[in-house]
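Asker: Chain by chain, the residues:
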Amino acid sequence: MSGTTDRYGLAQAARMEWIKLRSLRSTWWTLAVTAAGTVGIAVAVGRNSRDASADLVNNALAGVVPGLLLAGALGVLTMTGEYSSGTIRATLAVIPRRPLALMAKAVVFGVVTLIVGEAAAFTAFFAEAATLRHGIAAPTLGQPGVLRAVVLTGAAFCLIGLLGLGLGAIVRHSAAAVGVLVAGVYVIAQVIGFLAHGAAAYMPILILENSLSTTRPVDCGPSCPEFLSAWAGLGVLALYAAIALTAGGWLLAKRDA
Amino acid sequence: MIEARELTRRYGPTIAVDALSFDVRPGSVTGFLGPNGSGKSTTMRLILGLDRPDAGQARIGGRRYRELRWPLREVGALLEARAFHPGRSARGHLAALAAGNAIPRTRVDEVIDMVGLTGAAGRRAGKFSLGMGQRLGVAAALLGDPAVLLLDEPVNGLDPEGVRWIRDLLKSLAAQGRTVFVSSHLISEMALTAERLVVIGRGRLLADTTVAEMSAGSASLEDAFFRLTDTEVEYRGATS
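Heads up: the protein sequence lines correspond to chains A and B, in order.
To convert, count from 1 in the first sequence and add 4; that's the numbering used here.
To convert, count from 1 in the second sequence and add 1060; that's the numbering used here.
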């Protein structure tokens, strides 16, 4: 492979990032807890569902909301851990083209969180279906909108994880970056959701709950904001991640390491 | 060959490196001396492209660091004792760096043996002593079998056996025709290790010479150093 290329590139940088990611035990612990929490909540929801007319798919995916926080925090720590440990200097000595170094991280972390996110979403869906009682018929993937809801919810792990990675590159300090992530995704988003109805549909958590993980349009009464369609919601989340990564890459290239 | 030309870097109102020009040639160990805060580490970071110079430039083998095709195979650097994640094993850390520049995996175990970390390579590096961390840093610098080596205070934290090991290692690397640039504030250590010296104070070049030349006319290299840097010391304890 090195015989055909005369310079390091994305392939080498991604291989390095993959070894870095998998050689930390905390990576696997965090991902396991994320998936287990998502599935555990689905089981609890399944066992306690009594309303057959509810959006059972949306309920099954309820555990994604706390799970996303862990995926986002893991994204943050994947970047800020390099600064707190000093590894960033070693990384940039190997890959001095800094935007390429961040891109490799995003590719590797994005693929891993997409796989784990999809596995968690599908497992949550089937776990809820298997534990439904009270004579409620379980939803199937063949019903309208169900497969889409499960797949896009799994993808949200990846996008929030990448948002965290970008924030980590911007803020550089673990605690501060996790704080920005939690505030941005959870707290401020909810406050804006209550105060400014028009903007609510664009808040990450509300996109997840009301656009991605639903099988049918959400109607919460006359004061309900008009939520984005599933694919538009996915696009907006992807845009947030792209903005954070672009800003992070630009700052990484501009600042002293 | 390392060439610094008019290298300048300010941090706010302070000039850390001030129009610094020097060459580091292959085949001998070049010591980089200066009092605390004189700009040694900043200079090394500028050479490696970690910090950006405000003016001037540094080249390694005629190229700027960020233009190198396989940086680790051309330049090995040890900057600070701990440039690795505490949760990762020494082997994992080195395997990742090797993959980034397509260095064969077998080289990882080679450098682990070379620095004497064979028994500890699978353990989490966060548990390493300062000296073991320093050895891991040296292993990372040697990974790509580079022709140019930069080491910032490599003997920090090493026991006497480790200090001698570094000294012999640096000399043998230079004897193989490599460029070896090593900073230290330990004059006595440099007197034993280096042949050539670059001395700076307050970011400016004070001397670009040989150990023999600088010691001539003084009782020791240390005396010569104090005479040279007398007016250039930034931090000094009170003498009673």
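No lab work stands behind these hints, which were simulated from the structure alone.
Glycine included, each C-beta is placed from N, C-alpha and C at the ideal position.
One or more of the hints may lead you astray.
[Claimed, not checked] Away from chain B, derived, C-beta distances all over 12 Å, residues of chain A: (1) 85; (2) 159; (3) 198; (4) 236.
[What the hints assert, rightly or not] To give a feel for the contact side, a few chain A residues facing chain B, derived at Cβ under 10 Å: (5) 12; (6) 51; (7) 54; (8) 55; (9) 59; (10) 95; (11) 99; (12) 108; (13) 135; (14) 137; (15) 220; (16) 222.
Asker: For every hint, state whether the structure bears it out.
Answerer: Hint check:
Its beta-carbon lying about 6 Å from the closest one in chain B, residue 85/A breaks the requirement of being farther than 12 Å from that chain. Remark: the non-interface label on residue 159/A is consistent with the geometry, its nearest Cβ contact in chain B lying 27 Å away (cut-off 12 Å). In this structure residue 198/A is separated from chain B by more than 12 Å, as the shortest Cβ-Cβ distance comes to about 40 Å. Separation of residue 236/A from chain B is adequate, the least Cβ-Cβ distance of about 38 Å exceeding the 12 Å criterion.
At its closest, the beta carbon of residue 12/A sits 6 Å from a beta carbon of chain B; the interface hint therefore holds under the 10 Å criterion. With 10 Å as the threshold, the beta carbon of residue 51/A stays out of range of chain B, its nearest partner Cβ sitting at about 37 Å, so the hint is violated. Because the closest C-beta pair between residue 54/A and chain B is about 45 Å apart, greater than 10 Å, the hint is violated. Checking residue 55/A against chain B: minimum C-beta separation of about 45 Å lies over 10 Å; hint violated.
This hint is violated: residue 59/A has a C-beta 41 Å from the nearest C-beta of chain B, more than the 10 Å allowed. The beta carbon of residue 95/A comes within 8 Å of a beta carbon in chain B, closer than 10 Å, and the hint placing it at the interface holds. Interface restraint check for residue 99/A: the shortest CB-CB distance to chain B comes to about 6 Å, inside 10 Å, so the restraint holds. Given hint, residue 108/A at the interface with chain B, holds; its Cβ is 9 Å from that chain's nearest Cβ, closer than 10 Å.
For residue 135/A, the suggested interface contact is broken, since its CB lies about 36 Å from the closest CB of chain B, more than 10 Å. Hint on residue 137/A is violated. Least Cβ distance to chain B is approximately 43 Å, over the 10 Å limit. At its closest, the beta carbon of residue 220/A sits 44 Å from a beta carbon of chain B; the interface hint therefore is violated under the 10 Å criterion. A distance limit of 10 Å between C-beta atoms decides the matter here; for residue 222/A the minimum to chain B is near 42 Å, and the interface restraint is violated.
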